[in-house]
Amino acid sequence: MSGAKFELQKEVFEGSKERLHGVVGVTKTSRKKKPSFLCLTGSIERPIRFTIYLVKQTEKGFKRKQEWTLSSLKEANYKAKDSLDFDLLLEKSYHWTATSTEDKDVLFSLIYQITARMHRPPKFINYQPDEEGDSEGASNIPIVAVPKDGQMVDSDEEEFGLTEREEFDLEKVLGRAENAVVNAEAFMEQLAKELSILDGENIHSIMDSETQVNVLMERIDESIVQLEKIESELTDYEDSVVVVQAAVEKIEEENSQMGTASKNQQLLLKELSTLIEALDFSAGSNILNSDLSSKEGIEKAARDANLLKKALDMDEEIHPALQKMHSVVHQRSRLEKIRDKFAKGLTSHLAKLFIHHGNISSVDNVSSINHFRLSPLNLMHNELIVYSDLMIWLKSVEMDCYSSLLQKYTMSTQKVYERNVKALFEEARVRISGNNTPSSRISGSSTDLRIRGKFFGKTRSLANREGDTESQGSGEGSVDSSERQHFYDVLEQLLEGLEPGVNSEEKFITSFFNVDGSSSLNTSSVISPSKSSGSAELRRIMGNLFGSIESELVAFLVHYEKMESSFCMGAMVRLGNHALKSENTSTYIGMIYGSVLVQEKRSFDRLMNSYVQAINDSRLPRKTKPGILPFITEFEDFAVMAESIFGNSARRSDLEKWYVKMLCAMFDAIMRLASDGGKTPGEVIRMENYHRLHANLSQLKVAALDVQKKDAKTKYNEALNGYVTKYFGRPLNKLNEFFEGVQAKVSQGVKESEIGYQMAFSRAELKRVIKEYPAKEVKKGLESLYKKVEKHLSEDESLLQVVWRAMQEEFIVQYKSIESLISRCYPGAKITLEFTIEDILLFFSEIAQSH
Amino acid sequence: MREYKIVVLGSGGVGKSALTVQFVQGIFVEKYDPTIEDSYRKQVEVDGQQCMLEILDTAGTEQFTAMRDLYMKNGQGFVLVYSITAQSTFNDLQDLREQILRVKDTDNVPMVLVGNKCDLEDERVVGKDQGSTLAHQFGCTFLETSAKAKINVNDIFYDLVQQINKISPATKQKKPKSGSKCTLL
Ligand SMILES: Nc1nc2c(ncn2[C@@H]2O[C@H](COP(=O)(O)OP(=O)(O)OP(=O)(O)O)[C@@H](O)[C@H]2O)c(=O)[nH]1
Ligand SMILES: [Mg+2]
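Sequences listed follow chains A and B, in order. The first sequence maps to residues 1 to 851 in the UniProt record's numbering. The second sequence maps to residues 1 to 185 in the UniProt record's numbering.
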């Protein structure tokens, strides 16, 4: 049967990747026919599916006839032990007869084992399974698990049968003998024959290589002998090297000890030499004998002093332990002593110099008067500035000495400056009232002043500074323009003259007393506002030296402004120029001028305010014709003066602000005064004053006042029109009334051409009215009108011609309107007035000329 | 009518004058003329009460700062102005405030911190948070304003009037401090 099994496997199941586990030859129990094979296979691929095939053998080979899955087997009937028959209940019951009982047993045993693990194993009838399981197939069947759905899943990793390699080899061997399976005995014989041949050859080759092996053995023995020799030599060398090594190690140790010692000595030496170098001060007490009178001597002293300072500053770099050394302590106290002594010597030397120069300089104040300027103390500065390095040293080392020097310097120098400043201001006063100038109007005493005429009436008490009780002699406009110019020139020279002296002193103090905050001292406090504290200190020193300038300047200005309060205007401009100069941005003198400027600005505001007040309080002059109001002309004078002072100066905007306020006040005042003008019509007051104001503003050409200029023009025109309308009135009144009636009718719906048929407006009626205005009468009327106008208008503005012309135009307008009404309402009637336009023009010019 | 003396302080060019003139006259001054000192008067109604404000526009220019003490003494409320386009103008205010407190000799001074020129957002260098932080530190009101675009201008002065009212109610304002104050000169 195994032969059939092999063939079946190969031909039927290899293609479908199934492995044949058992086969039994059967015939259908019912018919006697050619036997078929009932095969039980399992798929090679997992999960393993078991299938029962019925395979038929034909001439062409095997052919699958029917197949069932093993799980579809419901019942297996073994029938009797020695019977060949058996039944399988698949989709229906099949009855087969096996070719042998062994085959039948094998199949049943296989089916039993496989299906035993299934979920629903088939029912076995009449079958006693072999407990031993020694049947052929049982050992080949792996243990399989059957899940519910009937698919079979491996329960372990074991493969069925041969590995691929074995299979390959086996096939190769089998391939050599086609009929191996059939003719196994012959095949085995052949294999045995081949094996014996191979054995023979093997023994032969072993015997051949013996001589070679013997040679090899000899060689090995030889080399062992050699190796032993080398080894013994090596031990000899090693023994001698060990001796040398000990010696070398010893030397090495000694060497490193020596190195450490020498390094330590070097370090010590270095430490000591830095210490000595640090604390060494070669000049020693020689510094005390420094020559402080020559430039070289001073420079050397400064160098030495700095070295000394460095030696003493070394403290921080010397190890604290070393600082305890007796010699270090000693050296330090020695150096300190030298330092203190030197500082004292320097201080007293400089103090002497200060006093000396203070005395020299105070003798010489003539030059400052002759040149009219505060002379810088160059001589002293030049001599002292060489000490500035020493001063920096002193400041950093002996603050007390430094402070006392600063104080001494301030005291002695302040006296000099105070005297010179005073002399300078004295000189300024002399120059203003002086004998050497063409104008001597403003002398020191106020009694010499003549009042030429004031701006804006009585304003003196208002313009004065607060708390000023002596108001006698005060005033404005009391000086002419050349005197004013002279005052400003002297003031300008004074301001200019003060600057160089103060500035050079400030520069000197900055470097000599080292108060700019940029000194080496302040490096420790980078965050603190050292700059501002430095400049505050500088300002304090400068204040001590030059405190008198501000008070002198203020007193000077107050004095002259008391005589002429408008002087504050020029003072403001001049001070502004000086205070706002870029080089004065943070100088002391710039600050002084700035403060005085603020005070002058206040005076100016007060003065301007008093002008505005004066305008607000102004009354109508007690004249028959008020004409141009006084403040209008005063403003003209004021503006001329103000423009000459302010020009294009930086302070112009301050003036313009007040211009605007003054003009506001003036507009208000004109309106106010025009309404209580007594005999003179308000229109005339307005007309004349706005006209004048407009002319004035046009001349001034101040852009900031353009609005006001336009306003004045408009108001003038309004006043002129108002006046003409009111006083020219209607010289042809009856005619006017007649035509007013006509127009009333027309507006009621009467046609213009039919007016003549109305009773009241007949041609005859018209002619009657016209007759009332003969040329003679008209001229008479105009003449009396002219007289009236002449009486109203003042000579100030000479607007008579303008008004007269405006009236002429008004008359012509009226004439033309009447004429056109006549031609429209009474067409073809040939009615005309008794005089012509030419007559009117003639009358107006005759009247104007005759006066 | 009660009078309020208000002082406007700050570095040069930050717009003190522009703010004051905008408030008083309703116009924007384009031109820059460094101020020396200008005073303005304006009547306003705050919380139903008529008030006369006397506003002192001061100089930011360094040369004119020597006179500060005097007007600080007289002022009742202070406007501290910086420009959001210049960091230094912001930094200067710390000193200014300290000077005010020193002169006034009290910590409770009506004050408004003003960051002006807020219409120039493109040129801003001082952040709004910097301003409000400083105001918080000062314990005062903070406003960002523009004299040019009329932003928050009136609010400065109204707020200050309210602060002054709170600190010294209108009742008797006849030298409440005299006697307790000693001057060393
Ligand atoms: N864009 C813009 N410009 C402004 C504003 N406020 C002021 N300016 C301009 O800034 C410049 C200076 O303004 P001022 O008001 O004169 O400055 P100030 O603070 O009074 O300066 P000092 O008087 O010197 O202290 C002027 O050119 C103004 O036009 C603003 O809100 N926006
Ligand atoms: Mg200003």
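In short, the hints are calculated from the structure, not lab data. You may find that some hints are simply not true.
Stated by the list, open to error - Each pair of labels, with its calculated beta carbon distance range:
#1 B:Gln-50 with A:Val-746: 22 to 30 angstroms
#2 B:Ala-66 with A:Gln-485: 16 to 24 angstroms
#3 A:Asp-480 with B:Ile-27: 22 to 30 angstroms
#4 A:Gly-543 with B:Gln-50: 21 to 29 angstroms
#5 B:Ala-66 with A:Lys-270: 56 to 64 angstroms
#6 B:Val-44 with A:Val-558: 35 to 43 angstroms
#7 B:Asp-129 with A:Lys-422: 32 to 40 angstroms
Built from N, CA and C at the ideal position, the CB exists for glycine as well.
Open item on the list: Run through the hints listed earlier and report the numbers of any the structure violates, in increasing order.
Closed with: 1, 2, 3, 4 and 7
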